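The listed protein sequences correspond, in order, to chains A and B.
Going by the working numbering, 587 is the number at position 321 of the first sequence; the sequence numbering is gapless.
Going by the working numbering, 439 is the number at position 173 of the second sequence; the sequence numbering is gapless.
Treat the hints with caution; some may be incorrect.
Claimed, not checked - Quick look at which bits of chain A chain B covers, simulated, 3 or more residues with Cβ under 8 angstroms:
(1) 466 to 476
(2) 493 to 501
(3) 506 to 514
Keep in mind the hints are simulated off the structure, nothing from the lab.
Here the structure is a predicted model, which is why all the values come from computation and not from measurement.
Idealized CB from N, CA, C, for every residue including glycine.
2 protein chains.
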Amino acid sequence: MADRLALFTGGQFADSHAKTAHGILRYGEREVVCVVDETSAGSTASDVVPYARRAVPIVAGVEQAAALGANVLVIGVAPFGGALTDEWRAAVLEAIRAQMSVEAGLHTVLAEDDELAAAAAASGVELRDLRAAPPGLSVPPAERPDVTVVHTVGSDCAIGKMSVTLELDAAARARGLESAFVATGQTGIAIAGWGIAVDHVISDFVAGAASRLVHDGASRAPLLFVEGQGALGHPAYSGVTLGLLHGAKPDVLVLCHRAGSTDIDDYPGVPIRPLPELISIYEAATSWVDHPAKVKAIAVNTRGLDDDAARAELERVRAETGLLAADPVRFGGDELLDALGLA
Amino acid sequence: MADRLALFTGGQFADSHAKTAHGILRYGEREVVCVVDETSAGSTASDVVPYARRAVPIVAGVEQAAALGANVLVIGVAPFGGALTDEWRAAVLEAIRAQMSVEAGLHTVLAEDDELAAAAAASGVELRDLRAAPPGLSVPPAERPDVTVVHTVGSDCAIGKMSVTLELDAAARARGLESAFVATGQTGIAIAGWGIAVDHVISDFVAGAASRLVHDGASRAPLLFVEGQGALGHPAYSGVTLGLLHGAKPDVLVLCHRAGSTDIDDYPGVPIRPLPELISIYEAATSWVDHPAKVKAIAVNTRGLDDDAARAELERVRAETGLLAADPVRFGGDELLDALGLA
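Sequences are here, hints too, so could you generate the full structure?
What follows is the structure in structure tokens.
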């Protein structure tokens, strides 16, 4: 039976932390029946979040989703800290009892939760933990496959690194290049159907997981677009970012930034460094392990600006950094791809 | 029944990766009956590794350790990758059958291994996983307790950061300062009896684990010496290093280096950056999360050099960096402590 998804966002559909729901709507290939979100219920998804593109209904509860024929409830929020809250647990249990499988990328492992596992067994449905680490992870080998690796890095988390990566891959494939998107987080995995959530593996193995993804990707295509995670200046997630950077050993970096952001979203008061400094920081970090890479372009998330304001912001960033700045989500990935100098 | 330890090193007692055995011998307060190491059997520990200080016998196998009255087998090696090998598994099973508990800081979780768990249950002995993450870890809060945090960082792993941290703490307490050693790895935990192995937690929670240690440490003393892990230039472990650095939010850094090392030990061909550049790298990394700290002194591991050569090497490092350079393991921690400017 094909998946018919209901995307649960716990009242946060309009917020950037609902990026899993947004990403599946925009880039996923599976059928989405509805969004479940009590705050935005009654609207359609693309009206509330234009990025999402699909005009699926937003309903208030799991019961309505089941009535619309959904057979999989997807936790569509990547919450700060990644835990399953009591409120969400109630929704998950309701879905299981309504014969829906549950797919989630939380740090809370659904299948290891006694209450959820018992309920799923009783209903005969699946619990899919997208963040579960594959067996056999370890430290990375010294050598990287002979492929070209493009890696998105950022000024903060939840600013659109995955979207930029997907747009670059789509633009490359549209030109006939053999390329692959390499998912490193739960949303990317939900979209691509493979990958490793590098933020959920044992910290000693972050680089090893990234390296394995590049090795696996090399069997798919000679040009890999590896999704970034977190930010080197993020007080909670910087370790994931650096381990991924060192394990992926990119040839080219794309720096992602959200227009107008001045502080780390999860840590108000911790300033985001100016873009030229961020470029230096990321380039320097690649050189620490003797695999130097350059930032070749800036991807700017201009969500919330009108087209004129967006173009002005891109021009400002170009002047500030001396690099091409583009918003591939708004204007397509071609211009950004050109700037990478891959062909 | 008090622990009577046998330290198992799988033929590697003389190697720096047997740092868990070496650290327990030098700094631990528990009784050590013997070392189990077929390569060095017949010698005494302090003859093979003077750092270890204790003249305990080295025996060839678990059987002899049991005959000497050992009741706990400690895996005394921190192997690259942290897995339990088949050879070690045989020794662990032999120990369990000889009524010995087993203590280990591997990534392989002994208590989750069906064969070992069944054997331990049958013999009525404990399996102690020092690296097991405590429950309830998450991302760090924004605020750090109002204590002074000294943190050791390094040019590579397994070069003596823990020893430097312990020597500084001992020197501080000898002066009547209220201080505490904060263990962040398995050897430190085996010595101190508390701590978190930050390299074994989910990568998203490395900084959160470090932050929790500082909060826990603050209830013990107003001056904390937080053990470092890995190195920012280590291709496998850099993510752990950065997460720990950002979670601990140190006030003062001590850069640790092994005299004469030019490449990352686990990755020959990946050069260690010059010390002045490492100082800049670590200081810059602290500033990324808006909690800048300075490297105040260099701890140089001069093991293998005679006293004159060691003093010459310290003088060379002083000239190269403009900072005090000392080997606290060889000459005591006082000089290094003075350079931190804490009093």
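So, going through the hints one by one against the coordinates:
Coverage of the stretch 466 to 476 of chain A by chain B holds [criterion: at least 3 residues with CB-CB distance below 8 angstroms; count 9]. Counting residues of the stretch 493 to 501 of chain A whose C-beta sits closer than 8 angstroms to any C-beta of chain B gives 4, which meets the bar of three, so the coverage hint holds. Counting residues of the stretch 506 to 514 of chain A whose beta carbon lies closer than 8 angstroms to any beta carbon of chain B gives 7, which reaches the threshold of three, so the coverage claim holds.
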